[in-house]
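Colleague: Given the coordinates of chain A, assemble chain B onto it according to the supplied hints.
Chains A and B, in that order, give the protein sequences. Per this note's numbering, the first sequence starts with residue 1, numbered consecutively. Per this note's numbering, the second sequence starts with residue 1, numbered consecutively.
There could be a bad hint or two in this list.
Computed from the model, here is a short list of chain A residues facing chain B with C-beta under 8 Å [stated by the list, open to error]:
no., residue
1, W3
2, N49
3, V71
4, G74
5, W116
6, S161
7, P181
8, R182
Derived from the structure by calculation, the hints contain no laboratory data. Even glycine gets a Cβ: it sits at the ideal position worked out from N, Cα and C.
Residues per chain, in single letters:
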Amino acid sequence: MEWLRQPWPWYIAGPLIGLAVPALLIAGNKALGISSSLRHICAACFPANIPFLKYDWKKESWNLFFAAGIVIGGFLSGYLLRSPDPVAISAKTVQDLQALGIEPQTGLLPHEIFNWHSLVTFPGLIFIVAGGFLVGFGTRYAGGCTSGHGIMGLSSFQLPSLIALLSFFAGGIAATYLLLPRILLLIR
Amino acid sequence: MKNIKYLLLGIGFGIALTKSEAISWFRIQEMFRFQGFQLYGIFATAIPVGMLSVWLIKQSQVKTLSGEPIAIPAKQNNHGYIIGGFLFGIGWAFTGACPGPLYAQLGSGLTVTAVTIASAILGTWVYSLLRPKLPH
Numbered sequence: 001m002e003w004l005r006q007p008w009p010w011y012i013a014g015p016l017i018g019l020a021v022p023a024l025l026i027a028g029n030k031a032l033g034i035s036s037s038l039r040h041i042c043a044a045c046f047p048a049n050i051p052f053l054k055y056d057w058k059k060e061s062w063n064l065f066f067a068a069g070i071v072i073g074g075f076l077s078g079y080l081l082r083s084p085d086p087v088a089i090s091a092k093t094v095q096d097l098q099a100l101g102i103e104p105q106t107g108l109l110p111h112e113i114f115n116w117h118s119l120v121t122f123p124g125l126i127f128i129v130a131g132g133f134l135v136g137f138g139t140r141y142a143g144g145c146t147s148g149h150g151i152m153g154l155s156s157f158q159l160p161s162l163i164a165l166l167s168f169f170a171g172g173i174a175a176t177y178l179l180l181p182r183i184l185l186l187i188r
Numbered sequence: 001m002k003n004i005k006y007l008l009l010g011i012g013f014g015i016a017l018t019k020s021e022a023i024s025w026f027r028i029q030e031m032f033r034f035q036g037f038q039l040y041g042i043f044a045t046a047i048p049v050g051m052l053s054v055w056l057i058k059q060s061q062v063k064t065l066s067g068e069p070i071a072i073p074a075k076q077n078n079h080g081y082i083i084g085g086f087l088f089g090i091g092w093a094f095t096g097a098c099p100g101p102l103y104a105q106l107g108s109g110l111t112v113t114a115v116t117i118a119s120a121i122l123g124t125w126v127y128s129l130l131r132p133k134l135p136h
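Next up, chain A with everything else stripped away, as it sits in the complex (with noise of 0.2 Å):
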C-alpha cells in the first residue's frame, strides 16, 4: 500500500494512461476524449436551440460516465493514497515560481491562488474563471483536448492532432512566460 501512496513514476503512469486508448475501443468502440463531456453537459442542460448542441447527447452518455469515473479516481487518490510530501519539481522551478511569491506546499495547486476567497480578486478571477472559460471554450474550438488529440489522435497517427498538440503548448508557454508573472504580481 506505502508504494502506491508515493508519486508514481512516468514510465508507471505513461503506460497506463496510454492503455486507455485500447481499453475504451474494445469496450465499446469509444475514442478516449474528456473535453467532449463538458459540450454533452451544455447539450443536455443548456440546448438553448443552437444548432451545435442539438444532437442526442444520451448517445453520448459513456463519456459522462467516464468524466464521472475521473472525480471517483480524483478522490481516491486525494483521500486513500495522498502523497503526503510537495512536489517534488525541479529546483528551477521552485525558485522560478518563488520569485512570482508562490511557495512550495502539498497539494495540486497553489492555495495563495486557487481557493475560495481569492475568487473575488482580480487574480483569482484569471486564473480561475477565465482560466476555466478558456479551457471550455478552446478544447471545443480545438476539436478536442490533451487526451483526445494528445494521447487519442497521435495514438492513430493523426496529423491534425500534432498540429492542436503544438498549439496547447504554444497557448501555454506565451501564458507561462509573458502573462502569469504580470498576474501573480497583483497577489502581493
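Modeller: Only chain B this time, still in chain A's reference frame:
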C-alpha cells in the same frame, strides 16, 4: 448497466492522472518551463503504448466486447485547431488542468475547482453559440 465499465475505466484513468501528478499545477509549470521530465515522460510513454495498441487492433482485427469491428473516427483538420488550441493552452497554464484533470482535481477535494468546471462549461456553451461566426 452498460456504462459501468466506462465508470470503472474512468476511475483507473483518474487515479493514474492524479498519482502521476499530471494534474498538478506545479508540474504543468515545470513542463511549460522545460525544467522537468515527468510530464514529457508521460506523453513519451502513453503515446507509443496507444500507437502500438491501435496498430495491434488494426492488424489482428480485434472486435469490441459486443463483437463490432473497431473504427476510429478521423479528426478533420481546420484552423480552429490552431486558434482554439492556443486559447486552450493559455487556460491550461492558468488552471494547471485540461478537462480530465479538472474532474480529478474536483474529486481530490479542491472544491473551488467546481467554479473552474462551471467556467469551462460556460466556455463550451459560448463557443457553441459563436461557432457559425468563428473562422475554422
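Colleague: So, against the hints stated earlier in the document, which numbers end up violated here?
Modeller: Numbers 1, 2, 7 and 8 - these are the hints that the structure violates, sorted from lowest upward.
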